[in-house]
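For the numbering used here, count along the sequence shown from 1 and bump the result up by 29.
It should be emphasised that the hints constitute simulated quantities derived from the structure, not laboratory data. Computed from a prediction, not measured in an experiment: that's the story for all the values here. The C-beta atom is built at its ideal place from N, Cα and C for all residues, glycine as well. Possibly wrong hints are sitting among the right ones.
To be verified - DSS-like cross-link-like pairs, simulated, lysine-lysine; straight-line CA separation at most 27 Å:
1. Lys168 with Lys119
2. Lys298 with Lys343
3. Lys352 with Lys335
4. Lys352 with Lys326
5. Lys352 with Lys328
6. Lys382 with Lys298
7. Lys326 with Lys43
8. Lys43 with Lys75
9. Lys352 with Lys298
10. Lys86 with Lys43
11. Lys335 with Lys43
12. Lys335 with Lys84
13. Lys43 with Lys84
14. Lys75 with Lys119
15. Lys298 with Lys350
16. Lys291 with Lys382
17. Lys335 with Lys350
18. Lys289 with Lys382
As the list claims (entries may be wrong) - Distance windows between CB atoms, simulated:
19. Ser358 with Glu110: 40 to 46 Å
20. Ala56 with Pro252: 32 to 38 Å
21. Val210 with Arg285: 41 to 47 Å
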Amino acid sequence: MNFYSDRTWMARRKSSTEIGATSEFRAGCQVFLEYAYNHPECVNDKNQIRCPCWKCKNNNYMDRDMVNYHLLVNGFMRNYEECWWAHGQKRDVGYTSKISSNSNTHRMDEMVHDIAGSNFDWEEAREQPMNFDAKAFLKLLEEGRKPCWFDCHRRFLPVDHPFRRNREHFRKGKVENDKPVPQFSGTEMLACVMRLPVVPFEGSICEAYSFNEISMFVSDYFPDEVLTKANRVPRNDDGGNVELNGRLSVFGLAGRAYGKGKRIFLSEKDLHAAHNYILLNCEEIDEFVRLYDDELKVKHPGISDKDIQINRAKEFARWIKDKALAEGSTIPANVQTLALGPDMDQVSRNGYKVNGYEFQTSMHKYSGNSR
Numbered sequence: 030m031n032f033y034s035d036r037t038w039m040a041r042r043k044s045s046t047e048i049g050a051t052s053e054f055r056a057g058c059q060v061f062l063e064y065a066y067n068h069p070e071c072v073n074d075k076n077q078i079r080c081p082c083w084k085c086k087n088n089n090y091m092d093r094d095m096v097n098y099h100l101l102v103n104g105f106m107r108n109y110e111e112c113w114w115a116h117g118q119k120r121d122v123g124y125t126s127k128i129s130s131n132s133n134t135h136r137m138d139e140m141v142h143d144i145a146g147s148n149f150d151w152e153e154a155r156e157q158p159m160n161f162d163a164k165a166f167l168k169l170l171e172e173g174r175k176p177c178w179f180d181c182h183r184r185f186l187p188v189d190h191p192f193r194r195n196r197e198h199f200r201k202g203k204v205e206n207d208k209p210v211p212q213f214s215g216t217e218m219l220a221c222v223m224r225l226p227v228v229p230f231e232g233s234i235c236e237a238y239s240f241n242e243i244s245m246f247v248s249d250y251f252p253d254e255v256l257t258k259a260n261r262v263p264r265n266d267d268g269g270n271v272e273l274n275g276r277l278s279v280f281g282l283a284g285r286a287y288g289k290g291k292r293i294f295l296s297e298k299d300l301h302a303a304h305n306y307i308l309l310n311c312e313e314i315d316e317f318v319r320l321y322d323d324e325l326k327v328k329h330p331g332i333s334d335k336d337i338q339i340n341r342a343k344e345f346a347r348w349i350k351d352k353a354l355a356e357g358s359t360i361p362a363n364v365q366t367l368a369l370g371p372d373m374d375q376v377s378r379n380g381y382k383v384n385g386y387e388f389q390t391s392m393h394k395y396s397g398n399s400r
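Generate the whole structure from the sequences, applying the supplied hints.
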C-alpha cells in the first residue's frame, strides 16, 4: 500500500479487532513523519515539527516521538488528508486556482471550497433550484422583516456569484458590486489595530463590542505563531500530553492540584468508584474489559448490554484484581499495579486543573442573586 498517495488510512485509526491504533495507522504515521522530516523547511531548530493531531491542529511544535504519540491517541485533524501543507506538501494547482481567481478573495472563499471538496461541481450547483430547507429559511427571513446576516458579507464572494445579483432574498432591491477589502499581512493588520482608539471602562457598550468584533476578525490574518483568542491554550490547560516513559496512557495528561492539602481516608464506596473509573478509562485495560464481558456472556447466555454495564461497574475492579494476584499471572506489570487499586490514605485538595478543565472537590458556592 502506498501510504502517501492513498491516505484513507488516516481515517482508520480504530478497529474492533485491534487494541489501540491499528497497525495500518501506525505504519502510515511513520510514513508521514519520514515525509515531514525530509522537508527541512518544516523542522525548527529544536528538530521539532508541527503536530497535526485534532487537538493541536498544527499550532504546537513537538519532537518526533511526541507527534507520533499524539497521532496514535488523538488522530489527525479534520481534512488533513487532502494536503499536508504544514509538512512540506504544496497545495494542488487546480485547488489553488479555484480560490485565487480573484486576487482579493477573502479566506472565507477558501474555507467554502475546503468544505465542498475538490470534486464539487460549482457550475451545476448554481443552476439547481433551491431545496425545501433553503426556501423555508428564506421565508423565515422574509417574515422576520430583517435583512439576511450574510448580506454584509456578499462582497467577499466571487464577482460572478449569483448571490451578488440576488435582489429578493437579501437586502430588498440591492445588488452587491463592491470588491472585497484588500488582504493585509499580519503585520499590517496589527498596525491598523494599534491605531484604534482605546475604549475606556465607562465607554459605550457598542464601542466595546465593535472593538471585540474587529479584534476577532483581524486575528484570522495573523501567522499561526501569534497567539489569539482563537488558538490560545485554555487557561486551565497545563501543557497537554506529557512523556509517558512507561506509564499508562490514562496518566498522560499534565495537571495541577491547588489549595491546601488535607489528609483523608477514602471509604470503601469512594475507593471502588475511583478505582473503577480509572480502569474503565485506560486503553491498556480494554483487552481485559472485553475478556470480562465474554466471560459474563458465557455464564449468562442472553444477558443484555445494559446488564453487562451494570455488572461491570460493580464487579470488574474485583475481577481484575483477582487476576493480577493469581499465581502465574500474565498481566503486564504496570497493569498489575493499576489492578491492585489505590490506597485508602490520600491527600485531598480544593481542586484540580487538567486538559482545559477545572474540577472542584467540594460543591461550588454561587454568590450571585438568583431570580
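Hints versus structure:
1. Lys168 with Lys119: This hinted pair is violated, its Cα atoms lying about 43 Å apart.
2. Lys298 with Lys343: Cα-Cα ~11 Å, so holds.
3. Lys352 with Lys335: The hint holds at about 24 Å.
4. Lys352 with Lys326: holds (18 Å)
5. Lys352 with Lys328: Roughly 18 Å between the alpha carbons, so the hint for Lys352 and Lys328 holds.
6. Lys382 with Lys298: Satisfied, since the Cα-Cα distance of roughly 24 Å is no more than 27 Å.
7. Lys326 with Lys43: holds (24 Å)
8. Lys43 with Lys75: violated (31 Å)
9. Lys352 with Lys298: OK: Lys352 and Lys298 at ~21 Å, within 27 Å.
10. Lys86 with Lys43: Measuring from Cα to Cα gives roughly 20 Å; hence the hint holds.
11. Lys335 with Lys43: Measuring from Cα to Cα gives roughly 24 Å; hence the hint holds.
12. Lys335 with Lys84: violated (32 Å)
13. Lys43 with Lys84: holds (17 Å)
14. Lys75 with Lys119: Measuring from Cα to Cα gives roughly 23 Å; hence the hint holds.
15. Lys298 with Lys350: The given pair, whose Cα atoms are some 16 Å apart, holds under the 27 Å limit.
16. Lys291 with Lys382: Holds, at about 18 Å.
17. Lys335 with Lys350: holds (23 Å)
18. Lys289 with Lys382: Holds - the C-alpha atoms of Lys382 and Lys289 are around 15 Å apart, at most 27 Å.
19. Ser358 with Glu110: 40 to 46 Å: holds (42 Å)
20. Ala56 with Pro252: 32 to 38 Å: holds (33 Å)
21. Val210 with Arg285: 41 to 47 Å: holds (43 Å)
Checked against the numbered hints given earlier, this structure breaks hints 1, 8 and 12; the rest are met.
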